[in-house]
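The listed protein sequences derive, respectively, from chains B and V.
No gaps in the numbering here: position 214 of the first sequence is 214 in the numbering used here, and each next residue is one more.
No gaps in the numbering here: position 123 of the second sequence is 1123 in the numbering used here, and each next residue is one more.
Don't take every hint at face value.
[Claimed, not checked] With a straight-line cut-off of 25 angstroms between C-alpha atoms, the simulated BS3-like cross-links for lysine-lysine are:
#	chain 1	residue 1	chain 2	residue 2
1	V	Lys1139	B	Lys257
2	V	Lys1068	B	Lys110
3	V	Lys1030	V	Lys1246
Rather than coming from a laboratory, the hints here were simulated on the basis of the structure.
For reference, the chains in residue letters:
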Amino acid sequence: MRQPINEAKNDPKFQKELTDLLNNYANRPSLLYHAKRMSDDLGGAQIYFKREDLNHTGAHKINNVIGQALLAKRLGKTRLIAETGAGQHGVATATIAALFGMSCEIYMGKMDTDRQKLNVYRMELLGAKVHSVTSGSMVLKDAINAAMQEWASRVDDTFYVIGSAVGPHPFPEMVRDFQSVISREARAQILKETGKLPDAIVACVGGGSNAIGSFAEFINDPSVQLIGCEAAGRGVDTDQTAATLERGSTGIFHGMKSVFLQDKFGQIDKVYSISAGLDYPGVGPEHAALNASGRAQYVGITDDEAVDAFEYIAKTEGIIAAIESSHAVAYVEKMAPKMRKDQVIICTLSGRGDKDVASIAKYRGVDINE
Amino acid sequence: MSELAKVFQNKKAFIGFVVADDPDADSTVKNVVALAEGGADLVELGIPFSDPVADGPVIQEADLRAFKVGVTPDKIFEIVAAIRKETTVPLVFLTYLNIVFKYGYDKFCARCQKLGVSGLIIPDMPYEEKGDLAPIAAKYAVDLIPLVTPTSGHRIEKIVKHATGFIYVVSSMGVTGTRNTIKTDLHQLIQQIRQYTDTPTAIGFGVHTPEQASELGAIADGVIVGSAIVKLVAQNGTNAAPALKKYAQEMKAALPVLSAE
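Generate the whole structure from the sequences, applying the supplied hints.
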């Protein structure tokens, strides 16, 4: 894998094809939007949203999928498989498979196929086959297990499009590189708009692909604070959480040495979050390293806080953001009031929230079925 | 010569697998003894993991049965100590890297040596990642059994060149579990391995009938049976030993006999 990735990286033809698809198919560059009402309402820092939710398919996932699918094509593969949590990565993979005329199979935990039915149907509309994974706790990590098993059994014609910055080397690095377009654009956009670097970058972290993509181009700017928001579920101190960096310990799983939620014997914990995209028991190795070095800070956001933020950004900015991204918005709500009005926060809206409307209604006890 | 190399000396080896603590500790001891009495030359003990990515449903269910009775690595070491009072059959562990990592590589390998567990099979440890564990395992004379799959391709030389114990040849891609047909050209795969090493080879994944034992035993130095044995444990509960002994006898009898040299 390493060699073809490096060759592709240094091949101007590959880069041209990638940029062309990102710009002319996926709707890049994405907007950097100044959320003035929210900034005024919170009364502190100026808040800018990096609008990955406006990408084709509605999330940052497409950035990485286009890159990997081009690699797959380069390697002569004709079939894409992928795991998905909330369904956004699955939808992105199914979309590009359709565009490239490749066959596509998506692995999704049964818990997630149940709570994200719309995305399941969307993938099927795009021509993909969706496998509802019933092993283990039937969520994202089990979908990854199933996709890895499938890949192990059929590597000849198949490319495993991994959705997050996790897995064995060189996958996390490759996903970071494809997602770095987020911070590459955001850095140029904010410099153009304000003439200076932002004070903080805030992004949600499950496996950590949108966060590492949002951080990448700012890591060497020490004045820029980097904050990852993990899903604390019912609370960091409960056993119904996915706050890996707050509660986890070092382990080796899914081919990577990183931080995982696990028991003292090394059995991987079941995790919980209202967000299907964030309930992963580990975190990409680069986030573990950024946490250990103190370069980035990681905070836990509960279901309650995320749902409040989901509603808040809808009402103040007219944006229905993904429940995953709402975890980042929740932290912006906490930090912005403590900052000066000339300071700037960039918060990545990793995806749009249409897919979450039904589960938010359910959370609030609203019956939207006729 | 390593303990494991002796397993293959002048004979084709039959290797059986059970999940430790499935369905409980006492049964595991009896089952291992039964396999040994039936003719198993080596027994693999599976240490359950929450996410056994290389295993099919039969072994996953066995893992769940073991979790139900509170399996832990320490409990498994106690089971091994009890096995060692009954039989000297060579033993290896099959588990996933995080279990060994969390226990501590040094402490884990030291206990293996003390209790006579001669090797470790870790399907989720790619060859490239074994750097930290290998020197510690070597210090305690615990062989790290590498897995070669039909897609190992140009990596085979690297994987097998310095292998000790034996080489676990994965018959076909995918997870563990019985298969009726094995399509891989195993003859060619074994020939490829033998270009680089004299370390014995054993074929596993999908092996379950005496006919397969006879056929694959002619190609490799041994055959490994997991899911078929675990199925017998599932069917017979705490009284699986007689069935295991009979099964081991049938499989062992089907293996080709090497002429004395």
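Here is what the structure says about each hint:
{"no.": "1", "hint": "V/Lys1139 / B/Lys257", "verdict": "holds (23 angstroms)"}
{"no.": "2", "hint": "V/Lys1068 / B/Lys110", "verdict": "holds (23 angstroms)"}
{"no.": "3", "hint": "V/Lys1030 / V/Lys1246", "verdict": "holds (14 angstroms)"}
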